[in-house]
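Peer 1: Assemble the whole structure, with the sequences as input and the hints as a guide.
Here is what each chain is made of, one letter per residue.
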Amino acid sequence: VAWGPNTNIKWSLPAVCFVWQLSMIILFGVFVRYNEESDTHWVDYRKENNITSDIENDYYFRYPSFQDVHVMIFVGFGFLMTFLKRYSFGAVGFNFLVAAFGIQWALLMQGWFHSLDYTDGKIKIGIENLINADFCVAGCLIAYGAVLGKVSPVQLLVMTLFGVTLFAVEEYIILNVLHAKDAGGSMVIHTFGAYYGLSISWVLYRPNLDKSKHLNGSVYHSDVFAMIGTLFLWMFWPSFNSAIADHGDGQHRAAINTYLALASTVLTTVAMSSLFEKTGKLDMVHIQNSTLAGGVAVGTAAEFMLSPYGSLIVGFFCGIISTLGYIYFSPFLEEKLKIQDTCGIHNLHAMPGVIGGIVGAISAAAATNTVYGDLGLENTFDFTGPFAKRVPTIQGGYQAAGLCVALCFGIGGGIFVGLVLKLPIWGDPADENCFDDEIYWEKCTISKQSSHMPLISPLWEVSM
Amino acid sequence: VAWGPNTNIKWSLPAVCFVWQLSMIILFGVFVRYNEESDTHWVDYRKENNITSDIENDYYFRYPSFQDVHVMIFVGFGFLMTFLKRYSFGAVGFNFLVAAFGIQWALLMQGWFHSLDYTDGKIKIGIENLINADFCVAGCLIAYGAVLGKVSPVQLLVMTLFGVTLFAVEEYIILNVLHAKDAGGSMVIHTFGAYYGLSISWVLYRPNLDKSKHLNGSVYHSDVFAMIGTLFLWMFWPSFNSAIADHGDGQHRAAINTYLALASTVLTTVAMSSLFEKTGKLDMVHIQNSTLAGGVAVGTAAEFMLSPYGSLIVGFFCGIISTLGYIYFSPFLEEKLKIQDTCGIHNLHAMPGVIGGIVGAISAAAATNTVYGDLGLENTFDFTGPFAKRVPTIQGGYQAAGLCVALCFGIGGGIFVGLVLKLPIWGDPADENCFDDEIYWEKCTISKQSSHMPLISPLWEVSM
Amino acid sequence: VAWGPNTNIKWSLPAVCFVWQLSMIILFGVFVRYNEESDTHWVDYRKENNITSDIENDYYFRYPSFQDVHVMIFVGFGFLMTFLKRYSFGAVGFNFLVAAFGIQWALLMQGWFHSLDYTDGKIKIGIENLINADFCVAGCLIAYGAVLGKVSPVQLLVMTLFGVTLFAVEEYIILNVLHAKDAGGSMVIHTFGAYYGLSISWVLYRPNLDKSKHLNGSVYHSDVFAMIGTLFLWMFWPSFNSAIADHGDGQHRAAINTYLALASTVLTTVAMSSLFEKTGKLDMVHIQNSTLAGGVAVGTAAEFMLSPYGSLIVGFFCGIISTLGYIYFSPFLEEKLKIQDTCGIHNLHAMPGVIGGIVGAISAAAATNTVYGDLGLENTFDFTGPFAKRVPTIQGGYQAAGLCVALCFGIGGGIFVGLVLKLPIWGDPADENCFDDEIYWEKCTISKQSSHMPLISPLWEVSM
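Protein chains in written order, with full-length UniProt numbering: chain A, 1 to 464; chain B, 1 to 464; chain C, 1 to 464.
Any given hint might turn out to be false.
Intra- or inter-copy, both count: the list cannot distinguish identical chains.
[As the list claims (entries may be wrong)] Heads up, simulated EDC-like pairs for lysine to aspartate or glutamate below, C-alpha to C-alpha not over 20 Å straight-line:
1. Lys338 - Glu36
2. Lys443 - Glu277
3. Lys338 - Asp210
4. Lys10 - Glu128
5. Lys47 - Asp382
6. Lys213 - Glu442
7. Lys389 - Glu378
8. Lys278 - Asp44
9. Lys422 - Glu432
10. Lys443 - Asp283
11. Lys213 - Asp283
Just so you know, the hints here were simulated from the structure itself, not pulled from any lab data. Quick caveat: nothing in here was measured; it's all calculated off a predicted structure.
Peer 2: Rendered as structure tokens:
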């Protein structure tokens, strides 16, 4: 096996890791401190503010959800991408690297926009910041799905640096300037992340990618590994969509809506997968991915009074659309639009994300005092302060505007970053070496061995 | 490889999925709404009821346990069944499908019996309903274990439709009519589910199943995948048994009792497994399954004052009995009683479930005011309202009656549903195609390949 | 394949399991009861103590963290050790056995030291005891990493019996006598456990271990299985370090510090791994292990005001040191010091643990009233009762003393237990049978099959 000398990342990867990590330390030193709930002064703060119990600390409202989200980011995204027969190290390992960098950079970028204490110029962090950092990284990991197997870890780090930056800005515009709501991030995370990744993949189009076609597929047990990712994403999605929702009914309702939307999606995904095969067999690709579309699409509206059947309806259509996407749209994307999308993020994140934004806009516009209650309406949409006079119909318009912002940032940012990544300095693999762990990982070279010894090991083939 | 044309489920599977999912949407539209803790009116409800903090929302008492239970249902049950060398897709995938449908139908069925608001005829759901739906589905997934590899996904869906229905009725009789307690579901979930599955398997007996004997076993790594299921079930079982227990000491005690019973089971399982092999080797089947028996058996009594050593004793005997079941009773069941039990649910759920019911009855009958305290006794057994005059000894009798109800529903329901599933319309595999993913899954056909190319891939055999 | 007749554990393993489990039941019967928060008298206790809500039960403060820790113990440690190509059953299975015994013995040992109610001579247990039992077992599982593949399950149980006992004593000395703080157990768990295991491995040195060299390594998918362990350890480490920290800001801050330290470690681990390979490739051994070093090292200081950038700095250096350990120090340990350390626990637990103890001592000594607040300082370091007059600088000295105690107990205890394990009665494998599941597990014998049939199964090599 030959590969271009350019996949040597012996200097670039360590350099990027060291320099960026040192920068994080310096920036954290200058800017980041504990907030009043994670600082030892909490004990004074409690007394001053008549908080009766430690359990009122935001930590207890959000920590269980945080840990679930954390699992989604590292095990969910990581293992979902292990489906390729020969890229499991890259899937899990680079996902790990990119997310570990991204959460630090996100704490800073989101901190400057959302958690800056103007009295001392410091970012004050607590559990909600950790969740938001994980969310921010999710956008970049979605984008990774489009370029899986075709880029170097250095490129992934660059993608993440820019991705987190763009994310923080679009999030600020959508949530703060437009005052749109997006608890589960259909727009902010999924739409942005998916179009960011697709645009990058478009710019990095490889006309001769079929040279590594033999590795661009799964084997039996790599599909089983991928199901670990699928299931942890599916199971913990209610935590994802409720993690930063309002205390009390907000978190409660977001979890219920997501639980239901996801259940519905599974059935229509199975139905469509079976319907489009000769003898009604199921395709693992659909089960691994399209079953999750309902969680994406219910993200924005999860904390609204979408009602249980509303959630089921959203899930119902997303299972159908996402599976059809894998069957018809992915080949079209690749052949006509020249977008090579390894994991099919267009079907799992882009389309369901846009649907989620639209569902959010419609359900916000349709909100009434009867359904929500006066206080409930004010609470759910935060019609307070400068937004005290906003009404649901107007809110619906701002929600739609938010969706456009996410799309623009995703596409525009993706094209820009794609051009940066096209520079011939990042150590990406040649076409014939894509989807192969051998390029970036030690001790998994099969080529040398295969020339002088039989490669069949009896070790894993026992008790048949 | 030849299989009957009847395994074509191209129309039946999509039809069932679509029609049933549409029915769910309609029924949810008519019947299901948020309850007062997941509705935006919570903010008003809080004020009216002087609830001092959002953290008093039931969501915060139960959400962590809910997510653990959710993992048990989808990863625990799913991966536990991946032990077969060639049925991992069916194990994880059909488990996923069946559970996703079952939780919706369970929300309705259990809702009508337990959460119907008579003022407006609506089912009002919150986090506890989601947990109960997961519990209800657990009964059907246990039953799946008996028929694993021998039925079509359409049959599994039919099994689940009836299973959930029967479950909701027996649960209503046991918990509401008899007023028995069963926090961890030894009777309601495990006894019912196991006898339901065993009865179905008895009706569907295949005399020539040894035609697919070569696939009815594990390989090295399928056993490792199965350990993922085992461990997530084992670790989260304290959450399972405490998820719907009383707030405060009830949940606390249920978690402790389950933790201890399970620890004890592991040691006696290992002891028995080693004792019955020539050189003291361990059998993975026992480690994967019998180690969980203590969790089943401590289900009913988990919230009682079973005391820590009581829990250890329950676990001690269950490890022994369950392992002996795999060694002696499973062959007997198959040869003499004509019950083919793929996963050995008789040893993991049926016997421990019955033991759990008996332990529950005895420990309820033995409850005293000295041990529980007056208030504690009333709280634990809910001796209020129409049951205010019930005493522990009587309660013990009702507990025993509950066990009988679970048994009757399991056996009777199973025989009926077995007969329904015997109809030659469900696309089940021929005897020689059992335990083979090839029948229902795309891209895992080995037969064609094996005829014209060497099947040995070097890809997974590296760095030896 | 030949092995010594001494690997027959048909009598010793069942005997140890039964006798020890029976002893546990008797000792629990005599000593262990529920504490006031898990007993039905909680309802009275609440009223008497004006506790306004059930949510004030310690269960709700700690249960989510407990379950995360539980996952780390059983899935995290278990799967991390599956990296060996042919010892996955032993890794996951013996880890399971040892931990299940250890938590029971730990509840007793730690209970006598920490939770004995002197009014009735009973140990009163609640959720915090379960967490501490898991912690205690973690020390023994760390030690298992050094001897993985080279000892019998009986030896492991003996190791655990003594390990838990030694742990409870050193913990008592460090936390109670010296009044050092060690929320995440850098000293108490990691330093002790690692040196305990390394000392045992030193005493059990096998000069001819290279006879089983061919099995002392990984294959592609065993490395993927190991990543399950790595990631669950990494993700849930914030729960580990915060599980028994102070309510409120203590738990909150411990989670943040650990999250940050771990993120930082990933980047420097990747950097070092890449830097020391010819073409910048990564080594899975480093990614699986060194990425966790930051969590170890931030254990003691996690609940202190280490500040976010302080955590990043700790993680930064630990990634470097731990990876260098794998590259340079492990070979040195084996060749010069005759310590065979299968999993490299010296690099993952010993060095980072010592660093953690030192960081803890320094940050305690540097604590000021300005940073902590008067109340915060008193709370964080528990400067109350007999320790009311202690000041930070003195506390720093006691922290350092604690580290020495952990080291002494680890090394001294390990040498003693190593000598016990050297007795020729424990059924350990011959040098040529190390790292081989075949010795202790049924149905994974490859030798007999290989003599009369081709061992290549097509089953796992499909859809290429």
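Peer 1: I want to check one pair: lysine 422 and glutamate 432. Are their C-alpha atoms no more than 20 Å apart within a copy, between two copies, both, or neither?
Peer 2: within (18 Å within a copy, 52 Å between copies)
Peer 1: Reference check for the pair lysine 389 and glutamate 378, CA-CA at most 20 Å: within, between, both, or neither?
Peer 2: Within one copy only: 10 Å inside a chain, 47 Å across chains, cut-off 20 Å.
Peer 1: Evaluate lysine 213 and aspartate 283 at a C-alpha cut-off of 20 Å and name the case that applies: within, between, both or neither.
Peer 2: within (19 Å within a copy, 26 Å between copies)
Peer 1: 20 Å Cα cut-off: does lysine 10 pair with glutamate 128 within a copy, between copies, both or neither?
Peer 2: This pair counts as neither: shortest intra-copy Cα distance 37 Å, inter-copy 47 Å.
Peer 1: At most 20 Å between alpha carbons: which applies to lysine 278 and aspartate 44, within, between, both or neither?
Peer 2: So lysine 278 and aspartate 44 fail the 20 Å test inside a copy (69 Å) and across (55 Å) alike.
Peer 1: Tell me, please, which holds for lysine 47 and aspartate 382 at an alpha-carbon limit of 20 Å: within, between, both or neither?
Peer 2: Classified as between; 19 Å across copies, 28 Å inside a copy.
Peer 1: My question is about lysine 338 and aspartate 210: at a cut-off of 20 Å on alpha-carbon distance, are they close within one copy, between copies, both, or neither?
Peer 2: Close inside one copy (13 Å), not across copies (51 Å); limit 20 Å.
Peer 1: From the Cα coordinates, with 20 Å as the cut-off, is the pair lysine 443 and aspartate 283 best called within, between, both, or neither?
Peer 2: between (32 Å within a copy, 7 Å between copies)
Peer 1: State whether the alpha carbon distance between lysine 338 and glutamate 36 is at most 20 Å within one copy, between copies, both, or neither.
Peer 2: neither (50 Å within a copy, 51 Å between copies)
Peer 1: Measure nothing new, just compare the shortest in-copy and cross-copy C-alpha distances for lysine 213 and glutamate 442 to 20 Å and report within, between, both or neither.
Peer 2: between (22 Å within a copy, 19 Å between copies)
Peer 1: Cα distance capped at 20 Å. Does lysine 443 pair with glutamate 277 within a copy, between copies, both, or neither?
Peer 2: between (39 Å within a copy, 11 Å between copies)
Hint violations for this structure: numbers 1, 4 and 8, all remaining hints satisfied.
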